[in-house]
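Novice: Here is what each chain is made of, one letter per residue.
Number of protein chains: 2
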Amino acid sequence: MTLTEPTTPDSPTTTPPPVPLVPSVLAQGLTVPKGFGDQSLLSPRPDAIRLLGGIPDPSALPLAELREALGEVWDAGGAAASLQYSGSHGFEGLRGWIAEREGVDPRRILITNGGMHGLSLTVQALVERGAVVAIDNPAYPLFLRTLELVGARTLPVPVEPDGLDVEHLARRLADGERIAAVYTVPDFHNPTQGTLSAAKRAALVELAARYGFVVIADDPYRELRFAGTDQGRRVFFDSEHVVHVNTFTKTLGPGLRLGWLVLPEHLVDVVLRLRNRQDSHSSTFVQTLVQHLLVTRPGWFDTTLGRARELYRHRAQLLVAELRTQLPGRFEVTEPEGGFFLWPRLVDDSVDTAALHKRASAEGIDYQQGEFFITGPGTDSARRLRLAYGDRTDAELRTAVGRLARAFG
Amino acid sequence: MTLTEPTTPDSPTTTPPPVPLVPSVLAQGLTVPKGFGDQSLLSPRPDAIRLLGGIPDPSALPLAELREALGEVWDAGGAAASLQYSGSHGFEGLRGWIAEREGVDPRRILITNGGMHGLSLTVQALVERGAVVAIDNPAYPLFLRTLELVGARTLPVPVEPDGLDVEHLARRLADGERIAAVYTVPDFHNPTQGTLSAAKRAALVELAARYGFVVIADDPYRELRFAGTDQGRRVFFDSEHVVHVNTFTKTLGPGLRLGWLVLPEHLVDVVLRLRNRQDSHSSTFVQTLVQHLLVTRPGWFDTTLGRARELYRHRAQLLVAELRTQLPGRFEVTEPEGGFFLWPRLVDDSVDTAALHKRASAEGIDYQQGEFFITGPGTDSARRLRLAYGDRTDAELRTAVGRLARAFG
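Protein chains in written order, with our numbering: chain Z, 1 to 409; chain Y, 1 to 409.
A few of these clues could be false.
As the list claims (entries may be wrong) - Some, not all, of what chain Z presents toward chain Y, calculated at C-beta under 10 Å: (1) T15; (2) L21; (3) V25; (4) A27; (5) Q28; (6) S43; (7) R45; (8) G93; (9) P106; (10) R107; (11) R108; (12) A208; (13) A209; (14) E240; (15) G253; (16) V271.
Said to hold, decoys possible - Anything over 10 Å on all C-beta distances counts as not near chain Z; from chain Y, calculated: (17) K34; (18) G228; (19) V286; (20) R313; (21) T334.
Claimed, not checked - Label pairs and their in silico Cβ distance ranges: (22) G409(Z) to D75(Y): 46 to 56 Å; (23) D47(Z) to G77(Y): 14 to 24 Å; (24) A76(Z) to D302(Y): 26 to 36 Å.
It is worth saying that the hints were derived from the structure and are not from the lab.
All C-beta atoms, glycine included, are put in the ideal place defined by N, C-alpha and C.
Can you make the complete structure from the sequences, with help from the hints?
Specialist: Rendered as structure tokens:
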């Protein structure tokens, strides 16, 4: 075939230089990871011990059960269906199981590819480009990256031992500040370990209704409570202004990429349509196996969680004890009530945290520096470390604290 | 805790009504499916035969092999890693295998959750809100829904027997039209079955460089050629202006949700950052099993494809033969060279296609009406049917055509 060539009479034989592609404004707004997630900060030692991420221990995940599940599903003739298309909403049986556990209508459950996916769907569905989102200070840094999808501005709200300072937020709103959303981790906060109190949950939901914003309750650790008192989720599920983001990542394994949203009824269709246009649906194969385990083995999930909670309780207590023994007087430490994180504060304000991290890295321990989590002024996060203990053995935790002690010199 | 209440002196005891949440402009632009994908159009008969979707046959998918793969990976100690986090770029071994097959640098391969995911990533990364995207006329309707993510306007370009009318597009561009992207299905076009000729591929890529737009080459069926001559992909891979969208959906199963993009080097980082913010990464579990099959069984993928092509060739030929035998003179039919679709044209222009579809539905055959694929004027698609034969047995195809014959009366 021939093309209609634009005539260029003065230089008929010259091909013009290619016109480069320009990424969209959305894409241009996505930053290169700095601080949190920057691989160049890792210890160069091959035997380095990483207390870096909210990672479940392999021994707490259903390795053997998944193999059994596949065998059972295949033997029962379910192989073919597990490799075909399925609905964007997610498996009915899986949604039903989750809905019964959460105490909500199954229609309100939307299956996702894990917690991060739930966050990005919620942000894209409810936050207008350039709007303001109130966030924890300090906050989970990867949520800030999610916000880049909509170029949101942030309003940092201090986090107290019992979670987000809701009264601070109320004052800002009363002063005229307007927000599209508030983001918080209500249970075993990342990174501050605390849990949002029941009173604050109620107050936050009331504010959301009064001012017309959505509460994005990011709750991946909520099943991993091993001490203290649960502060409840009913108030979230009863609100028209809360999206509850959850996942099997910390309980059955990050590698599955399987989570869910509990949406208020009025948002189900709009988030479902968005999800449909992204990647159609979550893996039928993965949903088949997980649904099989949850539905055909009553009590199995709770038994699995029970063992996991014991493991993480033990590791949290061990880490705290080691810090107190090997680094007496160096840190203010609060024993975690659940989740994967310890957020100790340096007692001596003259310690150079950057230099400490450098020495620790040379000694062979990796941790997240508190400054990576800061979203605004008025936090002591720069004086803290985030130590993740979920996937570290007793011996590793002891050795890691020993290395940290050497870093203090 | 107490909240700072705004004072309302005239009615201190009244709670104001909740302020409702407003979905984002993005979310509001997502339409409810009409025509294609509208479940209400399905035949009410329980024994209806669906020739509806581009669905691979279960017998062509690796049901037994996936079970074996899981056993082998588990026995070799790979279970734990398969349930953990992995990188956004995708497994190195999987990308390496694909890259070798495609003949490109592994860095240019980005693992996705299937073809639709690749399309939505590409559109969001490269199409500015409200920009113009040139699309096939007729086109795969679900791509139009993907375009809703960026509120794109469309420029329909006619599709000829050898694919997109590139000369038509060239004239529009020479006349001053400017586009951000062109979307086409180069191999076994959906719905028109044709393949974009090698000459047109070269011309399209040249236009893209000259005018600075991206070619979105959506190529899920390309491995399923059972007749005719391959028109090549090298010209796509050698261009800085093409994103090649591919998937294991039609070859190993839609339920896996596993695909890939071949990106020009300069777009890898930006699309990777976008993907990272959506849902972190594709399932480690699924990647582990598929990589194991592809890497540890040399030749296995091609053997699997060989069987699949034979099966689909047989079904395509059978469907064509049945139409010619049971409905002589009713349709102009072109034998497919690959893929899953037949796109027959009604010979008699006086046939009422809506009434025909209604009678066919009552007889118990479901197909896609040609009008669902129309994106602009100047196509005869309304006089056509899309018949999908991939997952229908010989007996079902014969019976379905018999029912269609009865619908003609």
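Novice: If you take the shortest Cβ to Cβ gap from S43(Z) to chain Y, is it below 10 Å?
Specialist: violated (19 Å)
Novice: Given Q28(Z) was flagged as interface, is its beta-carbon under 10 Å from a beta-carbon of chain Y?
Specialist: holds (8 Å)
Novice: Lying within 26 to 36 Å: is that true of the beta-carbon distance A76(Z) to D302(Y)?
Specialist: holds (31 Å)
Novice: At a threshold of 10 Å, is the proposed contact between R45(Z) and chain Y supported by beta-carbon distances?
Specialist: violated (21 Å)
Novice: Per the CB criterion, is P106(Z) less than 10 Å away from chain Y?
Specialist: violated (18 Å)
Novice: Interface hint check: A209(Z), Cβ to nearest Cβ on chain Y, cutoff 10 Å. Holds or violated?
Specialist: Constraint on A209(Z) satisfied, holds at 4 Å.
Novice: Beyond 10 Å from every Cβ of chain Z: is that where the Cβ of R313(Y) lies?
Specialist: holds (21 Å)
Novice: A closest beta-carbon separation below 10 Å is what the hint needs, so does E240(Z) meet it against chain Y?
Specialist: holds (7 Å)
Novice: Minimum Cβ distance from V25(Z) to chain Y below 10 Å?
Specialist: holds (6 Å)
Novice: Go through the hint on A208(Z) and say holds or violated, using the shortest Cβ distance to chain Y against 10 Å.
Specialist: Hint on A208(Z): holds, closest Cβ of chain Y at ~8 Å, below 10 Å.
Novice: Interface hint check: T15(Z), Cβ to nearest Cβ on chain Y, cutoff 10 Å. Holds or violated?
Specialist: Interface hint status for T15(Z): holds (8 Å vs cutoff 10 Å).
Novice: T334(Y) clear of chain Z by more than 10 Å, beta carbon to beta carbon?
Specialist: Consistent with the label, T334(Y) stays out of reach of chain Z, its closest Cβ about 20 Å off (over 10 Å).
The structure fails hints 6, 7, 8, 9, 10, 11, 19 (numbered hints given earlier, in ascending order).
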